[in-house]
Amino acid sequence: MKVRRVEVLVVGGGAAGMAAAAAAAGAGAETVLLEREGNLGGVLEQCIHPGFGLHRYREELTGPEFSHRLRGELAGSGAEVLTEATVLELAPRGPRLLAAHPQGLTEFRPRAVVWAAGARERPFGALRIPGTRPAGIYTAGLAQRLLDIHGLLPGRRAVILGSGDIGLIMARRLHLEGVEVAAVLEIKPFPGGLLRNVVQCLSDFGIPLLLRHTVAEVHGRERLSGITVVEVDEAGRPLPGSGKFLACDTLVLSVGLIPENRLIEPLVPLDPWNRGPQVNARLQTELPWLFGAGNSLAVFDLVDTVAELGARAGAAAARYARGELSPARPVPLVRGENVLHLVPSFLVPGEPTTVYIRVPRPLPQARVSLGGVISKNHLGVRPTEMVEINLSPEALAELCRLPEVRVEVTPG
Amino acid sequence: MRKKLVCVSCPVGCELEVEVHGPGAIEVSGNRCPRGEAYAREEVTDPKRVLMSLVKVVGGERPVVAVRTDRPIPKRLFPQVMGLVRRLCLKAPVKLGQVVALAGDGAQLITTQQVREASPPPGAGASKSG
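Residue numbers (our numbering), protein chains in the order written: chain A, 5 to 416; chain B, 222 to 351.
Treat the hints as calculated values from the structure; they're not laboratory data.
Quantities reported herein were computed from a predicted structural model and do not represent experimental measurements.
Each residue gets a CB set at the ideal place from its N, CA and C atoms; glycine is no exception.
There's no promise every hint is true.
To be verified - Pulled a few chain A residues facing chain B out of the computed Cβ check, cut under 8 Å:
1. H53
2. P54
3. P68
4. H72
5. G76
6. T136
7. D152
8. I153
9. H154
10. L199
11. D305
12. N394
For reference, chain A alone in the conformation it holds in the complex (with noise of 0.2 Å):
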């Protein structure tokens, strides 16, 4: 087996590895990264809408441009690539890290690793719907990579469960290469994605969207045949004698994605809410060599966050890798009223950072509070955008002065 030392690892392909990549070599630090798939890029490979980059690249860009400019960056940063390749096994100790891929297995001795694994989709197996169990079921991204990778239609007649992005993009994309979509089915009372994929995906196209409705029952002997759909209360609870029967062969699913942690869950604590580890404002986790970026910490609403996180960990690592990265005395935040999602799980004193707050119901007017140091009026803060705030060198010098800082959103 070959043993490889490196100065910078990078676990994963997609836009949060590549930027990582890309910012570690910046550097000058030695860095490889290791892409399971034979392409880099990620999920933005399928993601063929438009609607990234206008934050990173002040434009409107598709998934593969994105992904294009990325792999440009990455090309010119001087980091090696390796593609098919599978990380087995990671030990804390040395750090080492077993990967396999075509030449054979290597066991890399790296300085840092940044953990940009990514995210998978909650599958139909954890929804524990009642009924058959017939082919025609796919979870949305698994949809999209049919269509939009492999040219496949999945079906004739679509319902959609859930209305997440992936969810509502991929109903607009159903419908414009020729599959009906019935309805997109959601729990809540109100939409999972994005207000502007409500209108584009849905409302230009007539598809209706069934709010507090999900699917109670599938049905079907080897092909799905239909689905009863129910209404359901406040709570989630079906509402008796609302079943419906709806015909069709093609359920896609769209009801959340879950951070990649498997291998480094044993190692650092993860974030119970956010359900990726906890780091610190250089995206350290507890073990200073490793660091966390992208959907694998939580997962964020844009690509360009996703980026520029990924960005952030690479710099961060490559400075670890020489020895420049102190250690400092962590300001842990604390979860208040109305906080979901909170990215990072610590301060840092001199370490400029932003802090990613997702608030778990729509609030038409609410005001965000950092330790009662920070506190601004928000008009409309939603599920599916999170709020960032910016910390000046002044307000973190401020809020490090504190044991922890409370983080809350509250009405009004």
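Here the structure of chain A is known, so what remains is to put chain B in place on it, guided by the hints.
Chain B alone, transformed into the frame defined by chain A:
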């Protein structure tokens, strides 16, 4: 006439209130940037969107290439342009940004990714492949 719109110019999604006094005479509120007003003006007259789809590719490492219009086109042209897209076929290799067809209203349909030629099957040797 009063209309409520959600601006789709960027992911912020400003909720706009539009007062339509007459042709071209509108008042917009709720927008956080000038794009909101331009969007509302267009939305109440001739709404435009970028169209994205796939075009068949022969001899490529994959069977389709992603395409989009290089600018927003009137929504009413979507069915017509989709009909055209389905009839198109490209030969690999395909470059990113290649113009595939005209998409109406001065817009062009362009590719948004590259498709390399399919590698010859193992054992094909030196024989020429089509």
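| field | Structure versus earlier hints - violations, ascending order | value | 5, 6 and 12
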